[in-house]
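Participant: Sequence:
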Amino acid sequence: MVTRILLADDHALFRSGLAALLSGHAEFDVVGEAADGFEVLRKALALQPDLVLMDIGMPGLGGVEATRELRRQNPGVRILALTQHDDEGYLRQMLKAGASGYLVKRAADTELFGAIRTVARGELYLHPSMARILVEDVVTRPSPSTAEARGEQLSERERETLQLLALGFTNREVAGRLGVSVKTAETYKARISEKTGLRRRSDLVRYARSLGLVGPEQG
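If you use our numbering, the sequence shown corresponds to residues 11 to 229, in order.
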């Protein structure tokens, strides 16, 4: 069965190389190319591809927004993110928007064909480093009882600091909000890490959510 593919990337040379690479395989048919998210939506409507290879950092309408809108318009289309961003934040945004796969460009020469086949079958494909992030997330995520116990260890000031950090404020901004010095804000942050064992911002955000300090869409 032939998979009809739409290429979405703002670099014309990259699209051309990708098209040439895929054209050497009878199972793939590149039906069109797009340079930004708006063009992706127009071309997808006109060409009805089975799969879109979607870049994230495109001008105008980016890959995340284009993925979300494309999935709304055509729930059956498969979307494989093909990006330079080896980043947990972009991974989560693309999966939440409706992508069925996430492949980092530096691995495209060895993983592209397998990734396309996997996503075209309706399965999820993740670049190994991205899959490891999700596994670590599950393994290290505190249970509700553990989170509750840790939350009870925090002082009121530390809980306020945690909330502000989870919302994306810098140490200086936290200090301004709390009316303390930057050094004091840094001390609160260090105490939070000591008491919870969490140091990465992503872990602190999840922890703050588990305590109800920020909403599920915040952070």
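Be aware that one or more of the hints could be misleading.
Calculated lysine-lysine pairs in the DSS-like style (CA-CA distance at most 25 Å, straight line) [unchecked claim]:
#	residue 1	residue 2
1	K106	K53
2	K193	K205
3	K115	K205
Derived Cβ-Cβ restraints for the label pairs, each shown as a range [claimed, not checked]:
#	residue 1	residue 2	range
4	S191	G86	50 to 60 Å
5	N84	G27	20 to 30 Å
6	H35	G86	16 to 26 Å
Hint data in this document are derived by calculation from the structure and do not stem from the laboratory. The beta-carbon is built from N, C-alpha and C at its ideal position, and this holds for glycine as well.
Participant: Taking the hints in turn, state whether each one holds.
Facilitator: Right, here's what the structure says about each hint:
Using a Cα cut-off of 25 Å, the hinted pair K106 and K53 holds, with the two alpha carbons roughly 23 Å apart. About 18 Å separates the Cα atoms of K193 and K205, which keeps this hinted pair within 25 Å; it holds. Using a Cα cut-off of 25 Å, the hinted pair K115 and K205 is violated, with the two alpha carbons roughly 39 Å apart. The hint said 50 to 60 Å for the Cβ distance between S191 and G86, and at roughly 56 Å that hint holds.
Under the hint 20 to 30 Å, the C-beta atoms of N84 and G27, about 27 Å apart, fit the expected range. At about 22 Å, the CB distance of H35 to G86 agrees with the hint of 16 to 26 Å.
In summary, the structure is inconsistent with hint 3 from the numbered list given earlier, while agreeing with all the others.
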